[in-house]
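Undergrad: What follows is each chain in one-letter form.
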Amino acid sequence: MRIVVVGASLAGVRTVEGLRRRGSDADVVLVGAEPGPHGGIAGDGIAADRPPLSKAFLADAAVEAKPLTDRARLGALGVGLVTGRAVDLDLDRRRVGLHGGEQVGFDALVVATGSTPRTVPGLEPREGVWTLRTATDAAAIRAACPEGGRVVVVGGGFIGAEVAWTLRQSGRAVALVEPLPSLMARGLGPELGAAFTRRHAAAGVALHTGAGVAALEGGERVTSVLLTDGTSLPADVVVLGLGTVPETGWLAGAGLDLRDGVVCDERLAAAGAEGVWAVGDVARWRHPRAGEDVRVEHWTNAVETAGVVAANLTGTPTVHDAVPYVWSDQLGARLQVFGRVRPGDELRVVVGDLDGSFVALTGGDGQLRSVVGFGAVKALLPFRKLLLAGAGWDEALAAA
Amino acid sequence: MRVTVDLGACQGHGVCHMSAPDVFELDETDGHAIVTSDPVPAALEADAQLGADSCPERAITVA
Numbered sequence: 001m002r003i004v005v006v007g008a009s010l011a012g013v014r015t016v017e018g019l020r021r022r023g024s025d026a027d028v029v030l031v032g033a034e035p036g037p038h039g040g041i042a043g044d045g046i047a048a049d050r051p052p053l054s055k056a057f058l059a060d061a062a063v064e065a066k067p068l069t070d071r072a073r074l075g076a077l078g079v080g081l082v083t084g085r086a087v088d089l090d091l092d093r094r095r096v097g098l099h100g101g102e103q104v105g106f107d108a109l110v111v112a113t114g115s116t117p118r119t120v121p122g123l124e125p126r127e128g129v130w131t132l133r134t135a136t137d138a139a140a141i142r143a144a145c146p147e148g149g150r151v152v153v154v155g156g157g158f159i160g161a162e163v164a165w166t167l168r169q170s171g172r173a174v175a176l177v178e179p180l181p182s183l184m185a186r187g188l189g190p191e192l193g194a195a196f197t198r199r200h201a202a203a204g205v206a207l208h209t210g211a212g213v214a215a216l217e218g219g220e221r222v223t224s225v226l227l228t229d230g231t232s233l234p235a236d237v238v239v240l241g242l243g244t245v246p247e248t249g250w251l252a253g254a255g256l257d258l259r260d261g262v263v264c265d266e267r268l269a270a271a272g273a274e275g276v277w278a279v280g281d282v283a284r285w286r287h288p289r290a291g292e293d294v295r296v297e298h299w300t301n302a303v304e305t306a307g308v309v310a311a312n313l314t315g316t317p318t319v320h321d322a323v324p325y326v327w328s329d330q331l332g333a334r335l336q337v338f339g340r341v342r343p344g345d346e347l348r349v350v351v352g353d354l355d356g357s358f359v360a361l362t363g364g365d366g367q368l369r370s371v372v373g374f375g376a377v378k379a380l381l382p383f384r385k386l387l388l389a390g391a392g393w394d395e396a397l398a399a400a
Numbered sequence: 001m002r003v004t005v006d007l008g009a010c011q012g013h014g015v016c017h018m019s020a021p022d023v024f025e026l027d028e029t030d031g032h033a034i035v036t037s038d039p040v041p042a043a044l045e046a047d048a049q050l051g052a053d054s055c056p057e058r059a060i061t062v063a
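One line per chain: the protein sequences are W and A, in this order. Residue 1 is where the first sequence starts when you use the UniProt record's numbering, and the numbers rise one by one after that. Residue 1 is where the second sequence starts when you use the UniProt record's numbering, and the numbers rise one by one after that.
Honestly, the hints are just simulated from the structure, not real lab data. Among the clues, some could well be false.
[To be verified] Pair ranges (Cβ atoms, derived): (1) P39(A) to P125(W): 46 to 56 Å; (2) I34(A) to A290(W): 26 to 36 Å; (3) G249(W) to T61(A): 52 to 62 Å; (4) A26(W) to T61(A): 23 to 33 Å; (5) A72(W) to P39(A): 48 to 58 Å; (6) A389(W) to D38(A): 20 to 30 Å.
[Unchecked claim] According to the in silico footprint, chain W covers these stretches of chain A (three or more CB under 8 Å from chain W): (7) 7-17; (8) 38-45; (9) 48-57.
All residues carry an ideal CB built from backbone N, CA and C; glycine is no exception.
With the sequences and hints as input, model every part of the structure.
TA: Below, the structure is given as structure tokens:
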């Protein structure tokens, strides 16, 4: 039995570790192609742990990136490491083709290729213009923008807002451009988004909401960002936070169902193929609790999916039904979101208020759907328990 | 199996408790993880490992 895991970031690394921990004696190979400088592969192709890349690592040049594993640790587990970018999959011959022509045969395949920052025409990375995904990206951003430098962040989602705060509080002048009226509205809904928008403005982030980017100006190196409302924002560096897209290009034509990720069943087995699994950002699966197909780009989801697939590959049938969890450090406190905020959900602040520390609940169809806390690790505990227990909306409000 | 939490590293995410409620409880004052089953009985070893793996700060050690 040969198990090949393609993708050496959190989900892939935790899958191979999980296989060995569960006693798998299969031949296990990890294929890594983490992007490095100049379009190449970083080192052995193994990613760094990503959460610090938009937090401590971005703020402080003295902080080093931590690789998730290395050749020696994989060797000690008896896991082979192949450094190379997967470019195609042949399910009949059961092999993965790598850039350069090498073929890697498998009995079982785990797709762990994650996601890639989205770019749009006119907003592509170039000198001074960066997306933020890898340690290479983060190092380039902080090098291009020393203390006192001017940053324009395009996109006010979780990453954009966190990056804006990190760079602002570490002494950079930061402008943030978001086409929607408020920050993080897709992840948190309009009301919570509006509250965080006010707080970012008070923290000294120059906000340009409701505005788009008309052009990046300058020669080879960007010098300013022209907005659709005519404003020109001077920039030493531009950070693009436009979301991500699942990295499935290499699977095109292989016979898998690739509608926004690799479509899987509840156990993360890919639809339309035998012995193919998906973990992390790239997996879209039928969530038993949510009753719908979801794709989740959170750190914790990468870890959980790795555990589920390692279990399924070692004879313990397991479904993936964890409640999603994401956190972000910004505005001097920790934002925590358990569950998913859905468009149109009702919002109720149950502890504190939106200008200070708070716990807010969202619900719809009579169900408690998410618990959002800001600087309120303790206060959200009882509500989180209710969410895990599948509590109704009225029951949750009664506990407030 | 023994399980320990580095309280200097623990940031109160509480994910260990979600993964393994019979092994980890959360301190009601600051959300830090508290080990409630140490040594871990054989029946809970897999849960304890799951809780350790799920910690975003890698604050939990099992041995």
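Undergrad: Give a verdict on every hint.
TA: Here is what the structure says about each hint:
no., hint, in the structure
1, P39(A) to P125(W): 46 to 56 Å, "51 Å, holds"
2, I34(A) to A290(W): 26 to 36 Å, "30 Å, holds"
3, G249(W) to T61(A): 52 to 62 Å, "39 Å, violated"
4, A26(W) to T61(A): 23 to 33 Å, "27 Å, holds"
5, A72(W) to P39(A): 48 to 58 Å, "30 Å, violated"
6, A389(W) to D38(A): 20 to 30 Å, "26 Å, holds"
7, 7-17, "holds (count 5)"
8, 38-45, "violated (count 0)"
9, 48-57, "holds (count 5)"
Hint violations for this structure: numbers 3, 5 and 8, all remaining hints satisfied.
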